[in-house]
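2 protein chains.
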Amino acid sequence: MEKLFVIKIGGNVIDNEAKLEAFLQSVAEVPGKKILIHGGGKIATRIGEQLGIQSNYVNGRRITDAATIDLVTMVYGGLVNKKITAALQAIGVNAIGLTGADANIIPAVKRPVKEIDYGFVGDVQMNAKSAVQLGWLLQGGMIPVVAPLTHDGKGQMLNTNADTIASSLAVALSAHYDVRLIYCFEKKGVLEDVNNDDSVIRLITKEVYAQLKAANRLFDGILPKIDNAFAAIDQGVKEVLIGEAGDLIQNTTDTTVGTLIR
Amino acid sequence: MEKLFVIKIGGNVIDNEAKLEAFLQSVAEVPGKKILIHGGGKIATRIGEQLGIQSNYVNGRRITDAATIDLVTMVYGGLVNKKITAALQAIGVNAIGLTGADANIIPAVKRPVKEIDYGFVGDVQMNAKSAVQLGWLLQGGMIPVVAPLTHDGKGQMLNTNADTIASSLAVALSAHYDVRLIYCFEKKGVLEDVNNDDSVIRLITKEVYAQLKAANRLFDGILPKIDNAFAAIDQGVKEVLIGEAGDLIQNTTDTTVGTLIR
Numbered sequence: 001m002e003k004l005f006v007i008k009i010g011g012n013v014i015d016n017e018a019k020l021e022a023f024l025q026s027v028a029e030v031p032g033k034k035i036l037i038h039g040g041g042k043i044a045t046r047i048g049e050q051l052g053i054q055s056n057y058v059n060g061r062r063i064t065d066a067a068t069i070d071l072v073t074m075v076y077g078g079l080v081n082k083k084i085t086a087a088l089q090a091i092g093v094n095a096i097g098l099t100g101a102d103a104n105i106i107p108a109v110k111r112p113v114k115e116i117d118y119g120f121v122g123d124v125q126m127n128a129k130s131a132v133q134l135g136w137l138l139q140g141g142m143i144p145v146v147a148p149l150t151h152d153g154k155g156q157m158l159n160t161n162a163d164t165i166a167s168s169l170a171v172a173l174s175a176h177y178d179v180r181l182i183y184c185f186e187k188k189g190v191l192e193d194v195n196n197d198d199s200v201i202r203l204i205t206k207e208v209y210a211q212l213k214a215a216n217r218l219f220d221g222i223l224p225k226i227d228n229a230f231a232a233i234d235q236g237v238k239e240v241l242i243g244e245a246g247d248l249i250q251n252t253t254d255t256t257v258g259t260l261i262r
Numbered sequence: 001m002e003k004l005f006v007i008k009i010g011g012n013v014i015d016n017e018a019k020l021e022a023f024l025q026s027v028a029e030v031p032g033k034k035i036l037i038h039g040g041g042k043i044a045t046r047i048g049e050q051l052g053i054q055s056n057y058v059n060g061r062r063i064t065d066a067a068t069i070d071l072v073t074m075v076y077g078g079l080v081n082k083k084i085t086a087a088l089q090a091i092g093v094n095a096i097g098l099t100g101a102d103a104n105i106i107p108a109v110k111r112p113v114k115e116i117d118y119g120f121v122g123d124v125q126m127n128a129k130s131a132v133q134l135g136w137l138l139q140g141g142m143i144p145v146v147a148p149l150t151h152d153g154k155g156q157m158l159n160t161n162a163d164t165i166a167s168s169l170a171v172a173l174s175a176h177y178d179v180r181l182i183y184c185f186e187k188k189g190v191l192e193d194v195n196n197d198d199s200v201i202r203l204i205t206k207e208v209y210a211q212l213k214a215a216n217r218l219f220d221g222i223l224p225k226i227d228n229a230f231a232a233i234d235q236g237v238k239e240v241l242i243g244e245a246g247d248l249i250q251n252t253t254d255t256t257v258g259t260l261i262r
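From first to last, the protein sequence lines are chains A and B. Reading the first sequence from the start, the letters are residues 1 to 262 in the numbering used here. Reading the second sequence from the start, the letters are residues 1 to 262 in the numbering used here.
Excised from the complex, chain A in its bound form:
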């Protein structure tokens, strides 16, 4: 099968114009087929404040009320998504900016209300047709640029975590491509010693992971990321890479410098 890179970039890069420009240049240089998923960044909070939309938290979790889903649809699906798309077009990448509603690439259901009502938050429910639609765009030479938004199939946009969207798309597309899912974050990779940036663990297999956990050698915050990586692999993704945005090109080769999980 043909290779496909599914690349997720977080808000910290989006908020920094110089970093974003350098990152998009790297995306342009990644050979072959690729999809970019972007987070939101702080601009939604800033515009929300100007519009008098209160950030609403319950037990530390942000609630997406009606005003907030409109806000993030505007900011993530409009401003941020089109800024990235236009910037990529300017450097020769045939980007096409999308949300999960567009061509129904990411169907979702509104999260059921249990202890907490999260509001307009979507739990992804991919179907085979969604991957076919994305495959059609890729086949047409387009590079999908996906905002962290889904929809419920009944006309309602929903807010969905960008990491989740990246892994859902990677899993769905693994039926058609050899997928490497790349999470760009602020560190070079998973570190054995959080205070030492040179302590990147270059390869984590299930065996290695069990040993590292048993020895209590991993920073707690990284465990969910690794668990999610293995979940994606169990569902067909070939490999997951966690690394720094600045190392993107290197991390698309066979000689990766971040943490390769497989």
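Not one of these hints is a red herring.
Dumping the calculated DSS-like pairs for lysine-lysine here, alpha-carbon to alpha-carbon at most 25 Å:
no.	chain 1	residue 1	chain 2	residue 2
1	B	K19	A	K154
2	B	K110	B	K129
3	A	K188	A	K42
4	B	K110	B	K225
5	A	K188	A	K206
6	B	K129	A	K33
7	A	K42	A	K110
8	A	K154	A	K110
9	A	K19	B	K154
10	A	K129	A	K238
11	A	K33	B	K154
12	A	K33	A	K129
13	B	K188	B	K3
14	B	K188	B	K42
15	B	K33	A	K129
16	A	K154	B	K33
17	A	K19	A	K188
18	A	K225	A	K42
What the simulated footprint calls covered on chain A by chain B, stretch by stretch (three residues with Cβ under 8 Å from a Cβ of chain B suffice, anywhere in the stretch; the number is not a length):
no.	segment
19	48 to 54
20	65 to 79
21	86 to 92
22	101 to 110
23	139 to 149
24	154 to 166
Just so you know, the hints here were simulated from the structure itself, not pulled from any lab data. Each residue gets a CB set at the ideal place from its N, CA and C atoms; glycine is no exception.
Knowing the structure of chain A, use the given hints to seat chain B on it.
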């Protein structure tokens, strides 16, 4: 060649929830290949006021400054475009919401500064590849839903009139399809007597148009619309229809009730 309907809907329908819902239902019922172009509506002005963005006019023409292009990118390209896309998906139409930057479907140049600096306004400059990209989406069973935004190919989004986008897309696609360009507006069609809604002129050819103008029988405001329609026809569009949003389905048949121009 296969038929294609290029349908433009204005802000008056977008601002009215019941009208919009009925209109989108009609779009769903239009058989075959179609593209929808939407205007902006008043919501950008309302949100702009909340954000403290002043509407700026010179000689009665709105100026698109840096804050305003970000505003309309958010509102037209994000909020309005995704609301329409999600609503169409909910009724079984495989809509894909786009701006001119997405897949470079509408390249443009920033309007040159002469007497007035219009700011970030784009004059469309279609190329053959843009139509091929749109054709690829149509071939994949997708219905493009296009916001009134273009880009300069250097990373800058631009504001462009929705009527102009509709005719530019119709012209570009006429190389591949038999295009009927449909402008939905508030009247049943071009009226012989502006005070009589039953006085629709059902067919305007160049000969008829010359006679009507010579006899001073047309309302001045409609002349640019008819001129633009003939300009599109001279560039390959098969026919142009001007009619009411509520008559959309009828106006896609051979027995139109609006004004057919050809």
